[in-house]
Amino acid sequence: MSLLHLAILLPFIAAVIVPFLFKGFRSIHTGWFVLLVPLALFIYFIQYMPVTSSGQTVSKTFEWIPSLGINFTAYVDGLGLLFALLITGIGSLVVLYSIYYLAKEKEALHNFYVYLLMFMGAMLGVVLSDNLIVLYMFWEFTSISSFLLIGYWYDKERSRYGAQKSMLITVFGGLSMLGGIVLLYIMGGTFSIRELIGMSGELMADPLFLFAMILILLGAFTKSAQFPFHVWLPDAMEAPTPVSAYLHSATMVKAGIYLVARMSPVFAESGVWLWLVAGFGIFTLFWGSFNAVKQTDLKGILAFSTVSQLGLIMSLLGLGAAALHFDTLDENMYMTATIAAVFHLINHATFKGSLFMMAGIVDHETGTRDIRKLGGLVNLMPITFTIAIIGSFSMAGLPPFNGFLSKEMFLTGMISVFELDLFNLNTWGILFPVLAWIASVFTFIYSIMLVFKTFLGKPQFDKLPKKPHEAPIGMLISPLVLVTLVVVFGFFPNLLSNTMIKPAVEAILPSLPAAGQEVYVDIYFWHGFTPELFMTLGIILTGTLMYATLAKWQGVYNRIPERFTINGFYDRGLDGSESGSFKLNEFFMTGYMRSYLIYIFAFFVAILLSTLTVSDAFVIDTSNLAEIRIYEVVLAIVLIAGAITILFAKSRLTSIVLLGVVGYSVALFFVFFRAPDLALTQLVIETVSVALFLLCFYHLPEISRKEERMKFKMGNAVISILVGLTVTLIGIASFSNSQSFESISQYHIDNVYELAAGGNMVNVILVDFRGFDTLFEICVLGIAALGIYAMVNFRGVRREKR
1 MSLLHLAILL PFIAAVIVPF LFKGFRSIHT GWFVLLVPLA LFIYFIQYMP
51 VTSSGQTVSK TFEWIPSLGI NFTAYVDGLG LLFALLITGI GSLVVLYSIY
101 YLAKEKEALH NFYVYLLMFM GAMLGVVLSD NLIVLYMFWE FTSISSFLLI
151 GYWYDKERSR YGAQKSMLIT VFGGLSMLGG IVLLYIMGGT FSIRELIGMS
201 GELMADPLFL FAMILILLGA FTKSAQFPFH VWLPDAMEAP TPVSAYLHSA
251 TMVKAGIYLV ARMSPVFAES GVWLWLVAGF GIFTLFWGSF NAVKQTDLKG
301 ILAFSTVSQL GLIMSLLGLG AAALHFDTLD ENMYMTATIA AVFHLINHAT
351 FKGSLFMMAG IVDHETGTRD IRKLGGLVNL MPITFTIAII GSFSMAGLPP
401 FNGFLSKEMF LTGMISVFEL DLFNLNTWGI LFPVLAWIAS VFTFIYSIML
451 VFKTFLGKPQ FDKLPKKPHE APIGMLISPL VLVTLVVVFG FFPNLLSNTM
501 IKPAVEAILP SLPAAGQEVY VDIYFWHGFT PELFMTLGII LTGTLMYATL
551 AKWQGVYNRI PERFTINGFY DRGLDGSESG SFKLNEFFMT GYMRSYLIYI
601 FAFFVAILLS TLTVSDAFVI DTSNLAEIRI YEVVLAIVLI AGAITILFAK
651 SRLTSIVLLG VVGYSVALFF VFFRAPDLAL TQLVIETVSV ALFLLCFYHL
701 PEISRKEERM KFKMGNAVIS ILVGLTVTLI GIASFSNSQS FESISQYHID
751 NVYELAAGGN MVNVILVDFR GFDTLFEICV LGIAALGIYA MVNFRGVRRE
801 KR
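In terms of our numbering, the sequence shown opens at residue 1 and continues consecutively.
Hints in this document: simulated from the structure, not taken from any laboratory.
Backbone N, C-alpha and C fix where the C-beta goes; we use that ideal spot for every residue, glycine too.
A portion of the hints provided could be inaccurate.
In silico SDA-like pairs for lysine to any residue, Cα to Cα no more than 20 Å straight-line [stated by the list, open to error]:
| id | residue 1 | residue 2 |
| --- | --- | --- |
| 1 | K106 | M167 |
| 2 | K23 | A108 |
| 3 | K156 | M167 |
| 4 | K458 | L550 |
| 5 | K60 | I133 |
| 6 | K294 | G457 |
| 7 | K650 | V690 |
| 8 | K713 | R594 |
Okay, the calculated beta carbon distance ranges per label pair [stated by the list, open to error]:
| id | residue 1 | residue 2 | range |
| --- | --- | --- | --- |
| 9 | V272 | F588 | 40 to 46 Å |
| 10 | G715 | E157 | 45 to 51 Å |
| 11 | L775 | D370 | 35 to 41 Å |
| 12 | D206 | W526 | 45 to 51 Å |
| 13 | M791 | S720 | 27 to 33 Å |
| 14 | F172 | A40 | 42 to 48 Å |
| 15 | L608 | R559 | 22 to 28 Å |
| 16 | S610 | E195 | 34 to 40 Å |
| 17 | I560 | Y599 | 42 to 48 Å |
| 18 | V638 | A675 | 40 to 46 Å |
| 19 | Y599 | I13 | 41 to 47 Å |
| 20 | M589 | Q460 | 41 to 47 Å |
| 21 | I438 | I144 | 34 to 40 Å |
| 22 | F776 | N624 | 31 to 37 Å |
Let the hints inform the model, and build the full structure from the sequences given.
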């Protein structure tokens, strides 16, 4: 295993150690120990920057399940490194912030940091895995760890609700994505992303291509909170603010963005991909910004703004796919969309992370996040105000901050749709710049709301649960670092051009550098009097006017009844599924063993008989039958007679004896067929079973002669006959088709001594060749024994209490 693999697994290893550090060093905040992990990983991954900047990649493979094509291949290119640096860099700042935000005397810090490290390792695994199955494994780890982090304050009902909601929606998407991965394997015969990219043309011609694309996008859309799956993100704000700053601004919600970017070379040549990704993205941008304005909670505003910004990046990635349909890019602007997506990805992590931390500071120092109770904090919290104004203005797309630059590039990408005579974008494509402009107006409004309603205006200190004051310096360091980057990347954006943006774009569009097309990144403020500039001026003027008249038109949000919202549909669907499951459970779970046996045997018959019929597997071949001897016929008659007589026996003792006759008859068949080990096992089991039955029934009352005889049930009789018939047909079909398949017995004969060093074939098969099967059987018996012991012991305790 390479150092790169260990870097991915380091957070998981550290998570195991954290509880011991928490208990062993009570006087020291556990976060100080945890901080070393992301910091060390950030320094480690920075060392790959010269490699990716020169257009090279690093790949390390650890063979895991090579027989199934599943290997842990760690792959570092421009895109993976960008995300790895975001995960570890923002992670370091979040851990530092959490040290001052979460009090060690009041919080279960060992749980918090274990979950956080699990999530960090899972995200690194997602962005640095070339194998889709390994990526999926880490993908689901992010869902589990985020569920634990969102529900960290599990004593709050809203925390539990938000955690459950995020888990249900993202796991649904994850399972859909797994289906897409399986379809890709069926089409391409590999789980390697790089190999699939190399055969994208062949995959596109496959009839399963569209289904695989939709399933993959379901995974991406649910994780990155795209409409209509965005509803989990606002409820996830019940998590502690460090979690929101990390998961819901810079990392987890970007996993879907990463998946779309990574799989673009596989699917992007399809017009369906462009319309789905760009279409859902642009509508999510509008819907998120529109709903952010009606929120009254600081984190609620930031949650919907995150939904909106994720939609912005997604729409750019969708339109950027158009670059693959042109031989030259010198005269068009389509590559700008992908460059803008990567640049805004970085910018969003900086300004949104700082704003979440700002919201946490306000909540921590005032006791509330409700903007209706806030106001006039600028004089008491000047540093926090500075953080808020830089982060908010960058999010609004105002100069001289980095958000202005990527927002201008976003508008350029939207306008360029008019030049794109592809996939009917020259007709319906008008919706992209229109929705982009409207969404940008609402983005401007909620960005101004964050600053003005929190820090300016009339003070309402009497409504605050705590006396407001500036946060301690330790809590301010992390957001100050982030807003510093907002300013630096605004004035010097080309610090990122060739080091991070260009390598990432080349990874998203690998066919361009392969064809000799150079990806040129040059970002600057002034482009002249362009349409984008006039659109920006219109956004500022319209946004200012609408903010000034907010009270007059904000009532439009009350026109939509709650029951017709997506949240309303989700809640009713969840309640309906729970109610339906309960009724279904009541119908099937009768408490009677005979009912369960009917379900099991009916399903058994239906599946196996239909399989025999559909696969045309039922064949009768009598050419290789051995001679049937007279004593075998007599023994078979005895066995059948014993089994049938049990049904009509009036005495329990008679039933037990007849059951023993059936068992011993089977044991004799094993003797006749020269299977002494099986015969001995059957004899021992049968003897023990008969003895146990006799002991049990000895204590039961005698069957009364007056007792009503059990009524004949035709349904039970039919199922019983069909089960016997099914097993008989399977036995005949297996024997008749035995010549079509190579017998496995020869393999055992050849390898019993060589591989297992044993002389008894049956023992070796049970212990070595079927070792796991035998182990699980032993575990089942052990669990049953423990259950019986617990029940007997509990009965004794109850008797003592009486």
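Verification of the hints:
no.: 1; hint: K106 with M167; verdict: violated (27 Å)
no.: 2; hint: K23 with A108; verdict: holds (11 Å)
no.: 3; hint: K156 with M167; verdict: holds (17 Å)
no.: 4; hint: K458 with L550; verdict: holds (17 Å)
no.: 5; hint: K60 with I133; verdict: holds (16 Å)
no.: 6; hint: K294 with G457; verdict: holds (19 Å)
no.: 7; hint: K650 with V690; verdict: holds (18 Å)
no.: 8; hint: K713 with R594; verdict: holds (12 Å)
no.: 9; hint: V272 with F588: 40 to 46 Å; verdict: holds (41 Å)
no.: 10; hint: G715 with E157: 45 to 51 Å; verdict: holds (46 Å)
no.: 11; hint: L775 with D370: 35 to 41 Å; verdict: violated (57 Å)
no.: 12; hint: D206 with W526: 45 to 51 Å; verdict: holds (48 Å)
no.: 13; hint: M791 with S720: 27 to 33 Å; verdict: holds (31 Å)
no.: 14; hint: F172 with A40: 42 to 48 Å; verdict: violated (35 Å)
no.: 15; hint: L608 with R559: 22 to 28 Å; verdict: violated (57 Å)
no.: 16; hint: S610 with E195: 34 to 40 Å; verdict: holds (37 Å)
no.: 17; hint: I560 with Y599: 42 to 48 Å; verdict: holds (45 Å)
no.: 18; hint: V638 with A675: 40 to 46 Å; verdict: violated (19 Å)
no.: 19; hint: Y599 with I13: 41 to 47 Å; verdict: holds (45 Å)
no.: 20; hint: M589 with Q460: 41 to 47 Å; verdict: violated (56 Å)
no.: 21; hint: I438 with I144: 34 to 40 Å; verdict: holds (38 Å)
no.: 22; hint: F776 with N624: 31 to 37 Å; verdict: holds (34 Å)
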